[in-house]
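Trainee: What follows is each chain in one-letter form.
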Amino acid sequence: MISSILLINQKGEILIHRSYKGDVTRTEATLFCSRVVAAKEAREKPILSIGQCHFIHTTIGDITVVATTKSNANVMLVLKFLYRLVEVFSAYFGGQVDENAVRKNFVLIYELLDEIVDYGFPQILEVDILKKYITQGGMKTVDLNDEEQLKKLTVQATGNCSWRADGIKYRKNEVYIDVIESVNVLISHKGVVLRADVSGQIMVKCLLSGMPECKFGMNDKLVMNRDPRKANKGTAIAIDDCRFHQCVRLPKFDLERTITFIPPDGTFELMTYRITENINLPFKILPVVQERGRTRVECSVKVKANFAKNIFATNVIIKIPCPKTTAKAHLSNVGAGKAKYEPSQGGIIWRIRRFPGDTEYTLLADVELASSVTDKQWYRPPIAMDFQVPMFTASGLRVRFLSIQEKSNYKPVKWIRYITKAGSYQHRI
Amino acid sequence: MSDGRFFQTTKRGEIHELKEELHSANKDKKKEAVKKVIAAMTVGKDVSALFPDVVNCMQTSNIELKKLVYLYVINYAKAQPELAILAVNTFRKDSLDANPLIRALAVRTMGCIRLEQITEYLVEPLRRCCKDQDPYVRKTAAICIAKLYDISPELVEDQGFIDILKDMLSDGNPMVVANSVAALSEISESAGKNVLPMNENTISKLLAALNECTEWGQVFILDAIATHTPTSARDAESILERVTARLSHANAAVVMSAIKVVMRFLDRITNTETIRSLQRKLSPPLVTLLSAEPEIQYVALRNINLIVQRRPTILATEVKMFFCKYNDPVYVKMEKLDIMVRLASERNIDQILMELKEYATEVDVDFVRKSVRAIGRCAIKLDRAAERCINVLLDLIETRVNYVVQEAIVVIKDIFRKYPNRYESIISALCENLDSLDEPEAKASMIWIIGEYAERIDNADELLDSFLESFHDETPSVQLQILTATVKLFLKTPSSTQDMVTKVLKMSTEESENPDLRDRGYIYWRLLSSNPEATKQVVLADKPTISDDSYSLDSSVLDRLIDNIAMLSSVYHKLPEAFVTRLRTVQKGEYEDEEEEEEEEDKVARLRQEMKEGPAYESDEEDERDRDRDRDRDDESSGGEPTDLLGLDDTTTTTTPTAAAPTVPQQMVLNADQPGQKGQRGLKVAAALTRFRGSIVLQMTFGNMSQMPLSGWAIQFNKNPFGLAPGGPLQVQDLAPGQTATASLPVTPNQLLSNNPPAVPLILQVAVKTSLDVFYFNVPVDFGVLLVEDDSTDKDTFKDLWARIGEAKQVSVMAMAPQPLPSAQCIQTLAAVNIKLVAQRAADTFDSLYFSCTTTNRLVVLAEISLQKSGNGVKVVTRTEAGPLIPLFQAQVAKSLTLQRTG
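The listed protein sequences correspond, in order, to chains A and B.
Here the first sequence is numbered in numbering that gives the first Met the number 0, starting from 0 and rising by one per residue.
Here the second sequence is numbered in numbering that gives the first Met the number 0, starting from 0 and rising by one per residue.
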């Protein structure tokens, strides 16, 4: 599987080199550093081979994380492992994974790399468990000389519920559910919706005692239609695909479409889903962009909010691209918020802090172009939008219930929030 | 507290200081010191000198310190093997510790020390840990078996560890099961044989563990299940019922491996309804992968490319999901384009064309080009959409963006070939862009179009003429097209283009240095001058049709790539054997730099050696004759003293006492273009089996004709009648491409007995393993090599034996020598191959010589050789208990005495 793991900084220096099999040498790794990392080849594919060695890599901030192999390894596994590795690091470094943090924690990193991979095979990457017995980093919670505790630990780490420890206690039992939807839209310059989909994420923060048995329900069309009593209650939605956290019992979902699980402690992503049918686009963009001769571009961009009056979108940002040769942009009639031509962003950035539902704003811009020697065509990148709409789901998804059963029979307090964000929200011009 | 500060010490005498700190009585100080050592190790400083001091810290109950020391030991054990042995005792003690973490740590670390010396100490602790009561220890032990296999496969097999692993598949703990699967798969891969055979029993154990183990374990298990070939449709269905639930797992790797199992098992299922429902289940998870991180998307797209080639219906309605986003990385966009073309159908082509047109105006040149090509591929793929594609291409040509125009012309040429006589009306639009063409491929395409449709282009001659001026500056591909197009033009309108064709033919033949161009020019010239009608039939013949299949993989390759979904193989679209080279990694150290230096020295030494010895390959007959002549001369000068036939001159060996036998004529036994086991080529071997100072030696010369350095040498013989076996390891240094090296290997007889009678000619089947491949070849064996020096037959025993064997087992042959053979020469020649003279008798017309020889397996062959005095006739009469040896003996005698058999 994996021959070695490397952490490399932007200059192409090897910060960490942990070899598992001894068949990939540091020299080979250095070759990769000089050819790929230091050369800053952003176009490079994430998987490439130099000589007989294959490099699978991803870059996070100023660190490139690399796995090497000389066998026909499972690349998907390796990539997924690399992301998870970074997550583990960030849990230990307090969220920040950068060169500085790596240099500060190299002994910890070596210990982690020793524990989470054995002979190139990923082993235990559950941070909650690791924190119990990793000696470095000062987070160890289990006394490693107490045999009883150790026994529990090893059984849990290797068992079928490795994500939750025994004996968790909360005075007040609470659950927070966040439904976060990202809307991805691509609209042609003629205003035709080329694609629109929602990728949703259900984040759960569990502050529950003991080993709670949970059951989760949404207004999923497949479930709702099965039960005639519920068929009329509200609108059911069709979910294209969903994916669940390791804790969810998949065979049960496959057969009955019920979501049952024992949650990990703290925050985790219970599920992600994708919906393509009946999506309510929160914003409509109506752009008119005209190139007037060689020196002027006229833009008029109208943005309309397509949700109920009583809710607001926040932090709305509309990026209207301008040609590279832009000299000046006269902005007139900014309906709301502030707009400014920002050369570093390559266009006009229009910011509206609070955008109430069922309203529309228009921006008119007159862009002056500097005359340039090369008569290059303007490639017209799309207008892009960023926003957040709390208490709104573009897909119409609603959580119907979350039932929790535990031996001690407590009644937890449940909180729920919905928010819709812009994913890749683009309108071609 | 941070570890960063450890990097800051750069003082001199650092090692010494560290040494002192390591011996400090203060635990914390010790710990700090070990951390400093590890820091130095991290930045590549050599701190191996501290090995004994660090190992000294190992005996501690403090697990933190222990872990640090273990980390150090793994790194440097290779450099200090003798000292690493010192650590073994602590490891063994730790493997009995009450703390399961320490037990596991000890086994894990011992497995990481890649030293053969350590393996024997590992066996017992490992066996114990496989049965440990703690699952954490067991799961570590399972992986450790795979580690041990990599160092010493024989040991693992002999000690029954494979069976232990198989038993561990029934373990109650899911992680132990998953790791055992992983270990068995790894062993299967490196052994080149399947040690994890799938049967109903195993599958049901794996499926049970699948629901409970970690996400990584699920991938190991799914990958193992994917190697199973279901026995029936029912079998396939019942396994898939349990596997499809994994398609909703959050981890993309679990999903992808589940998809692999489904794709593989689908072939076994016969019920069309089941097939349809399974295919429907695959589509959503595949699409979801496209919203993951770009790297995951890339891998997913490469796999989707294979999946839609195999089962095109799976994503037929999802083409929109493959539309490129403006900020997708280029490597993702490129893959999406490929899949868009694959999914293109009459129904979605309009949408696709709109998208492709949009992409053709983007910034990235490579992406734009590929988009234009994609339009062309759509046209060729879909008959009815061809016209719409052409229109889009014409729109693009109108943008006058240079590279767009050129790319469009290249694809339009293909469209013309696919649909002749349909879209020629657009030629005039193409011709307008003639001047802007500066890339060879576009130019060549345009010229091809002009030549092909010369009769419809009014000014075809003018257009072609414009290329002639710069003829000699064009690339060969363009020149070839100009030549062909001009000839076509001439055949179509001979009257006006006579001068032009002569000019082009002249330029292509007399004035060109390109052999391809000259050849084609001369062919046309001769055709035209001998038979213009025939020329027409040749040059203007119908062309074979083209299709979009050229972008598809061969179905047998595709099937194997489907077996490799999610693996590296599926990303490269290459079969694993094409890029995986199995290395015996044991010999390889961590510190390559040093090794490289050594290698340099080796090279120098070898060069010197080669210069002394002359070229290694000397198997020409010419040489042998030279040698014979030398020998004759020697005979005269040394007064008929016995001389070694093989040219084994003792003087050379005394100057290099440790060296093996000097080079002897070797035969080429493996050509560089003969493939090995995995189809790799590039090893050249010449070899000879010789007898040297009473023992057998296999001399070989290796030549590396491949592109890769060769290392990891090993040798094996097949079983053979005389039981020849390698008497030691094959010692060859790593060979860089183009280099050669010689090796001589002692050979011991009576080891690898095949218990078959020998065949004629006698050969030895040899396998040589290198990092490139395993190569097989046959080395011819001279019977003489198998004859011992100490044949003890004297006159009396000869007589007894001769009589005892009797005439029934006598074989006699008649032969001719090239010239009359003096008996002295005959005796000498045969003595050199250990066929000893026992007695001799002179008659009137011939001399009778009595010979005896004994083989390595103590079989005696007796012979009477009669030499004709007046001519060159020879009679060989052989008697032996071991009949099969007779032909070998005869062959040897014939070879030594250069006899020609007559009857």
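Incorrect hints may have been included.
Mimicking EDC-like on lysine to aspartate or glutamate, the simulated pairs with C-alpha atoms at most 16 Å apart in a straight line are [said to hold, decoys possible]:
hint, chain 1, residue 1, chain 2, residue 2
1, A, Lys151, B, Asp133
2, A, Lys406, A, Asp165
3, B, Lys92, B, Glu156
4, A, Lys130, B, Glu63
5, A, Lys323, B, Asp131
6, A, Lys189, B, Glu211
7, A, Lys251, B, Glu211
If you are wondering where the hints come from, they were derived from the structure by calculation, not from laboratory data.
Trainee: Evaluate each hint against the coordinates.
Mentor: For each hint, the structure was consulted:
1. A:Lys151 / B:Asp133: holds, 10 Å
2. A:Lys406 / A:Asp165: holds, 13 Å
3. B:Lys92 / B:Glu156: Distance ~25 Å between Lys92 of chain B and Glu156 of chain B Cα, so the pair is violated.
4. A:Lys130 / B:Glu63: Answer holds: Lys130 of chain A to Glu63 of chain B is near 14 Å, not above 16 Å.
5. A:Lys323 / B:Asp131: violated, 69 Å
6. A:Lys189 / B:Glu211: violated, 51 Å
7. A:Lys251 / B:Glu211: Holds, because 13 Å separates the two Cα atoms, which is no more than 16 Å.
Figure legend: structure checked against the earlier numbered hints; hints not met, in rising order: 3, 5, 6.
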